[in-house]
Amino acid sequence: MFLRPLGALVLAVGLVACGASDPDPVAGQTRVFPADNGDVTIPKTPQRVVATGYAVPALIEAGAPLVGISLFTRSEPMLSAADKATYDGLTKIAGDTAAETDYEKIALAKPDLIVIGVPQPVLKDLDLNRLEAIAPVVTIGPTVPDAWRELSRRQADAAGRAADFDQAKTAYEKRAAELKAKYAQAVAGKKFAHVGGYGQVAQGSFMREYGKSWGTNIAQDIGVEYPGQPKNPGPGSQAVSEQVSIELLPDDLRDADVITYTLEPDGSVGPAVKFVPDSPLWKSLPAVKAGRAIPVRYTQAATYESAMLTLDALDKALAPLRDAG
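Numbering (this note's numbering), first residue to last: 458 to 782.
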């Protein structure tokens with residue numbers, strides 16, 4: 458008379474055991490992702506992601522399941538306290554350069570996806586075959602400075618965090634629209650010029666940035682216009698910026714109604730910029746004489762969350778222009 462209950466118990470245990478050993482149906486699913494290095498088969502929902510370069514802040518902010526990152530020092534001052542704690546706590550599998558990649562550390566992290574966020578020319582410093590032997594590799598690197606919007610979207614998508622990306626994008630666009638309306642009259646009809654943070658001081662040159670460059674692209678989202686283009690446009694950032702000899706400063710910025718210039722994230726004037734306002738020629742510029750030389754922080758932003766800091770900085774920087782009528 459104990460046979461039926463015993464049989465039922467055995468059956469129940471067997472069913473539980475089978476259920477416990479069944480793999481997660483989502484974990485095993487894959488998809489084909491269009492990366493810079495071609496169509497790559499990746500997990501549909503990655504569980505262990507390694508990120509490098511520009512992918513580091515993008516994926517931290519998107520809440521990706523990171524198990525290892527490269528250093529990305531330029532982003533550190535623009536991370537929130539929570540994101541900085543995440544950044545600090547993650548295993549560092551590389552330094553700030555691709556040449557400093559530690560392949561053994563990557564292997565030990567057991568990633569199921571590796572997202573490489575470095576420019577195309579830098580890929581020569583990586584052994585992609587070695588990385589691909591560890592996990593699927595997608596390269597999604599920067600091209601022109603203002604491409605960070607699409608770049609970070611693709612990186613978040615690869616890591617399965619597109620929804621989180623969309624939330625940050627929506628918040629940014631709402632804030633940008635508010636500032637565009639707020640400063641519409643103040644910037645209308647005015648030609649802006651920007652002195653960027655990557656001047657070649659040793660060669661006696663400053664960086665002039667035009668539209669879609671590091672120091673200008675976020676300001677453009679709120680209606681600021683940076684007309685012109687480099688005299689000899691080149692690839693990448695050279696399409697939207699150029700090095701100009703300091704002695705040509707009066708001619709180069711003469712027609713600007715307003716001059717903006719890059720500050721370091723801590724609010725200081727970096728050496729690549731400082732020698733421009735320190736030049737005696739600076740005071741001869743019409744915009745400077747009119748009190749329209751405006752410093753701007755956080756021009757290095759390359760994610761929607763960090764770009765919110767840039768919008769706040771622009772709000773503060775442009776306020777005197779608006780108040781002056």
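Hints listed in this document are in silico derivations from the structure and should not be mistaken for laboratory results.
Given the structure is predicted, the values throughout are model-derived calculations rather than measurements.
There could be a bad hint or two in this list.
Cross-link-like lysine-lysine pairs, in silico, DSS-like; alpha carbons within 25 Å at most [to be verified]: (1) K648 / K669; (2) K773 / K746; (3) K637 / K773; (4) K773 / K648; (5) K773 / K626; (6) K626 / K567; (7) K647 / K637; (8) K631 / K647; (9) K567 / K549; (10) K647 / K773; (11) K648 / K501; (12) K688 / K639; (13) K647 / K669; (14) K581 / K567; (15) K639 / K731; (16) K731 / K688; (17) K567 / K501; (18) K637 / K626.
Right, here's what the structure says about each hint:
Pair hint K648 plus K669 holds up; C-alpha atoms about 15 Å apart against a cutoff of 25 Å. Note on K773 and K746: the hinted pairing holds, with a Cα-Cα distance of about 21 Å set against a maximum of 25 Å. A C-alpha spacing of about 13 Å is found between K637 and K773, which places the hinted pair at or below 25 Å, so the restraint holds. Annotation: proposed proximity of K773 to K648 holds, straight-line Cα distance about 19 Å (limit 25 Å).
Proximity of K773 to K626 is assessed by CA-CA distance (about 22 Å); at most 25 Å being required, the pair is judged to hold. This hinted pair does not check out: K626 and K567 have alpha carbons roughly 31 Å apart, beyond 25 Å. This hinted pair checks out: K647 and K637 have alpha carbons roughly 14 Å apart, not beyond 25 Å. With a C-alpha separation of about 24 Å, the suggested pair K631 and K647 falls inside the 25 Å cut-off, and the hint holds.
For a cut-off of 25 Å, the pair hint linking K567 to K549 stands: about 14 Å separates their Cα positions. Distance restraint check for K647 and K773: the Cα-Cα separation of roughly 18 Å lies within the 25 Å cut-off, and the hinted pair is therefore satisfied. For the suggested pair K648 and K501, the alpha carbons sit about 47 Å apart, so the restraint of at most 25 Å is broken. For a cut-off of 25 Å, the pair hint linking K688 to K639 is broken: about 34 Å separates their Cα positions.
With a C-alpha separation of about 17 Å, the suggested pairing of K647 with K669 holds against the 25 Å cut-off. Straight-line distance between C-alpha atoms of K581 and K567 comes to about 24 Å, which keeps the hinted pair within the 25 Å bound. The hinted pair formed by K639 and K731 fails the criterion: a straight-line CA distance of about 30 Å is larger than 25 Å. Proposed proximity of K731 and K688 is supported: the alpha carbons are some 24 Å apart, at most 25 Å.
A distance of roughly 17 Å separates the Cα atoms of K567 and K501; the hinted pair therefore holds under the 25 Å criterion. For a cut-off of 25 Å, the pair hint linking K637 to K626 stands: about 16 Å separates their Cα positions.
Hints 6, 11, 12, 15 from the list above are not met by this structure, while the remaining hints are.
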